[in-house]
Amino acid sequence: MAMDTLVWLLPLPPLLAFFLIILFTYPKKGLSHSISIGAALLSWLGSMVVFFNAVRKGAEGLGEHPFGSAVNWLPVGKGWFQIGVTVDPLTAVVLFFVSITILMITLYSVGYHNFGQPAGDHDRPGLPPEGATQDGHRVPSIEPLYSRFFGFISLFAFGMYTLVVSDNLLTLFVGWEIMGLCSYLLIGFWYGKLSARAAMIKAFLVTRIGDVFMLLGIAFLYSATGTLNFREIFFNEEVLHQLTTTPAGFLGLSSAGLIGILLFIGTVGKSAQFPLHVWLPDAMEGPTPVSAMIHAATMVSAGVYMAIRIFPLLSAGAEHGALTSPMVVIAIIGSFTALFAATISVAQRDIKRVLAYSTISQLGYMVAAVGIGAYVAAAFHLITHAFFKALLFLGSGSVIHGMEHGVYHTGDHLDAQDMFNMGGLRSKMPVTFWTFLIGGLALSGFPIVTAGFWSKDEIFADAFAHGHLAVFITLALAALLTAFYTMRQISLTFLGGSRTKAADHAHETPWTMTLPLVVLSVFAISFGWLGIPEHFPLLGGIIPNWLGDFIAGSLPHSLVEIEFNWIPLATSLTVALGGLTLGWLIYRDLPQGAEDPIKKWLGPVYTLLENKYYFDEFYDRVFVKPATWLAETFTYKWLDRTVIDGFLHSVARAAQAIGSFLRNKIDLPIINGFGDAVGELTAKAGERLRFIQTGKVQQYMLIALVVAFGTLFYFLTQ
Amino acid sequence: MSLGLFIFFLMVVVTVVAAVAVVTSQNLVNAAMWLMVALFGAAIAFVLLQATYIAVIQVLVYIGAIAVLIVYTIMLTRNPDEKYGPGVNKQWPIAAALSLVLFLGLAYFYYTLPQTDVLAPALSGDLNAISQLGALLVSPNAYVLPFELASILLLAALIGSIVVAWRK
Amino acid sequence: MIPLSWYLIFAAALFSIGLYGVLARKNIIAILMSIELMLTAININFIAFWRYSLPGQMAGQVFAVIVFAVSASEVAVGLALVISLFRRVKLIAADEINLLKW
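Chains as they are written, first to last, in our numbering: chain S, 1 to 718; chain Z, 1001 to 1168; chain P, 2001 to 2102.
A portion of the hints provided could be inaccurate.
No farther apart than 30 Å at their CA atoms in a straight line, the calculated lysine-lysine pairs in the DSS-like style are these [unchecked claim]:
#, chain 1, residue 1, chain 2, residue 2
1, S, Lys637, S, Lys501
2, P, Lys2101, S, Lys684
3, S, Lys600, Z, Lys1090
4, S, Lys665, S, Lys684
5, S, Lys696, Z, Lys1090
6, S, Lys29, S, Lys193
Since the hints were derived computationally from the structure, they do not count as laboratory data.
A quick note: this is a predicted structure, and the numbers were derived from the prediction, not measured.
Let the sequences and hints guide you as you build the complete structure.
Laid out in C-alpha cells, this is it:
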C-alpha cells in the first residue's frame, strides 16, 4: 500500500474501536478489550510500516518530500482550505513512540482493571472496585465500567494519531481538543468520587485556558498568512519573513513573536507548565493507565510536539545563536517549571504524585530545550521521556496493585499509594522492581546505559555551548533534585524492610501488566544509543548519531553540529550520580512509622513544598471564587432572576391586568350586557304584547280588516 | 215602473231582509231558513241577469246541498240545555261600523264610477248558451284546467271532511 | 233599465251584511252561513259584470261555476270541522274556543 494512503488510515482503527465498543460490545468485557487492543495493534503495525519506509527514504528525502497528501475540505473565497496528513522525520519518530506506548498501555489496562476477577461485593459503577469475597478471602474485583474505559482509551488514541499525522494547525487542534475531552472523561473515570469529579473539571478548565490562547494564535496566523499548512508556513521564507517584519501592535512584538507566544500558551496548558501546572497532580485521580497515557505517552507530549513543530516560526528572524522574544519566554518558563516542580516532588508521599511533578519537571526540560533552540535535543528528550515515564507510571500502577493485594489480605484500611506504607517490595515483586529501577535510572540520567542520560546530556550540552548559563544552571539543579527524589521513591518503595503488614503480603502482578513494563524498559535502555553525538569521547562515532541526523531533516535549514565540551558532561554525571547516592543513603532503611528525615532538616520549607507552594489555594482565592461569585450571585441572582425574570413577571402581570380589565369592565358589562339586553328586551316585549293573542278568530279578523281598510283608505286618499 | 224594475226591487228587499235576518237571528234554525230565502233571492237575481244556468245551479247547490248540510250540522251539534242568548259577541259594534263603512265606501265608489252607469246590452238570439259553457269547461284551449282542479278540490274536500269528522 | 251599479251596490250590501255576520256572530255555523252570503254576493258580482260586458261569451260564467265548487267544498270541510270540534269541547261558540290563546 502506498505510504500516502497508509498514513491516512493510521488514526482509523482506534476510532472504529471506540464506536464499536460504545455502541455494540459494551456488555461484553472480553470482546471490548480485544477490539481496543486489536485496534492499537493495527495502528502500531501501520506506524511501524510508515516508520521503516520513512527511515529507508532518509532524512533529506523525507524532509524535502514527506509522505502524505491533502484534500480540499472547505471552500474559502476562490480556493479551498485543504486538510491532509504528512509524515516528515519528526512525525515518523513521534509515531514510533506513540504507537508502541499506546499499545503497551492498552494491554496493561486489561490486568490493571482485574479482568478475569469476579464482580465485587459492593462495587458500583463510577467508583473504584473494592474487592470481592472468594472462598472466604477478599480478592480484587473487576472494574464495573470495564468496556467504557477501553472505549475512551481508543478515542484518546485516535486523538493523538490525528494530532501527530496532521499537516495543518487546524486538524492538529482538533486532535488536541479530542484529547482534552478524553482526559476529562478518563480523569473522572471514577466519577463517584468527589475528588475525581473536581479533578476532571480542573483539568479541563485549566487546559482550556491554554487552548483559548492557542486558538487566538491560530486565528492570528490564519489571518496573517491565509493558510495553516505547516509546509506552507514553516518552510516558506517569504511567509516567515513577512511575519517577523509586521508588528503585532502588542508590546512591541512582531507578528511571528506574538503568534509564537500565543501558540506556546497552548503548550503551557496542555503540558502543564507554570502557571497552568495545577491540573496535572490532581489528574492522578484517574486510573494509573490513564496517568501513563496522559502524562507520559500522549497528551502532554502533544504540547511539546506542537512547540517543536512550530520551531521555525519561533526562531524566525533571529540570528543564529540569538534568541527571539518568544524563545526567551519559552526558555524562562521551561527552566523555571523544571526546577519548581522538582522541588515539590521531593516532599510528596504518594507514589503517583511524585511521578506527576516529575513529569511537569521533565516537560520543563523539553520546553526549555525548544526555547534555547535545541531542536533535536527537545525531540530526543520527548521520545525518551515518553518511554521511561510511561514505564514508571505503569510500574507504579503495578506497585499499587500489589499493595492492594496485601490490603485485601490483611484487611487493613491504609492508603495503598503512600510510599511510607511500602518497603521491601523488591523481593515480593521482582519484575516490577527491576523495570521500575531502569525507568528511575533513566529519569535520573544514569550514564551510558539509560536513554535518559543521552537526551538530558544533549540538552545540557546545547545550553552550555550557546552560552545560556542561567538555563544551564537551573536545569542542572533540577537534575540533581530529580535524581534525589527518584532514588527516594525507589528506596522507600522497594528497598529495606516492609513497613506495614500489607506490604508484607504484596505479590507480583499478572503478565498483562508486567509484559508492557519489560517492553518499555527495553526501549528505555536502548533508545538512547541511537542519538550518541559524534564527538562524544570513546563512544562517539561507533554508532552514528542517526536520530540527530534524522530529526534534523525536518527543518528547512541544517543545524550546526555542537562541539563537544567536558563541562556539561561532567555536570550531568555529577548531579545524576550525586543525587542518586544521596537519595539511597537517606532512604534505604527507613523504619516503620518513621517521619521523613528531610522534614526536620527543611522545617517549614518542607510544609511549603508538601503543599505545592499553596498554588491551588492561591488560584482558588484569586480566580475561582470571583468566577463563582460572578456566576452565582451577579449573573444568576441579580441579572437573571431579578432583572430578566422580574421584567418578565411584570410583563405578565401587566398583561393579566389588562386582560382582567377588558374582561370585567368592557366585555362582561358592555358586550355581554348588550347581548343579554337584546334577549331580555325581546322577552319583555313579547310578554307585554301577549294579550293580542286571545285565541279568538273573529277578533283577529276584525283587527286585520280594520288595518286593511285603514291602509286602503290611506292610499285611496293620497 | 216596468215589471223588470219591480221584480228587481222586490228581489233586493227580500234578499237584504233575509240576509239581515240570517245574521241577527238568535235561533240557528231560523237563521238557516232565512239563509235559504236569501239564497233564493240571489237565484232570482241570476235569472234577472239572464244567467239561467247559474240560477239553477244556485238553487241546486247552495240551497239544496249547502243549506241542507248546514241544517244537518245544526241538528248534530245541538246542545240540549243551550239557551238562546244573544247571538252576537262583544265586538259587534265595531263589526257593524266596519261593515257599514265598507258598504258606504263601495256604494259610493260604484255610484260615481262612470263605467257602471251602463245599461244591459241586447242579447243575441243565440241560445246555445249551455252547450257553449259546457264546451268551454272541457276544452283544452279554454277552461279545462280550472275545471279539473276544481274537481280535485272537491275530491280533497270530500276526503278531508270525512277524515276530519270521523268518529274514532 | 237597470244600470250595472245597482246590481253592484246590491251585491255590496249582501257582502257587508255577510261580513258583519262573520265578525259578530258567536256560533260557528252562523259564521259559515255568513260566509255563504258573502260568496253569493261575489257570484252576483261576477254574473252582473258578465251580463253588462260580454254577454255573448259564456266564458264569463265559468268563474261563477268555479266559485260554486270552491264554496261547496269549503263549507263541507268547515262543517266537518265543526262536528269534530263539537265532539271535543261540546260547544260551538267562537269566542269561547280560544285554545290558541297565549
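For each hint, the structure was consulted:
1. S:Lys637 x S:Lys501: The hint is violated at about 55 Å.
2. P:Lys2101 x S:Lys684: At roughly 18 Å apart (the allowed maximum being 30 Å), Lys684 of chain S and Lys2101 of chain P satisfy the hint.
3. S:Lys600 x Z:Lys1090: With a Cα-Cα distance of about 139 Å, the restraint between Lys600 of chain S and Lys1090 of chain Z is violated, given a limit of 30 Å.
4. S:Lys665 x S:Lys684: 26 Å, holds
5. S:Lys696 x Z:Lys1090: 11 Å, holds
6. S:Lys29 x S:Lys193: Status holds; Cα separation ~23 Å.
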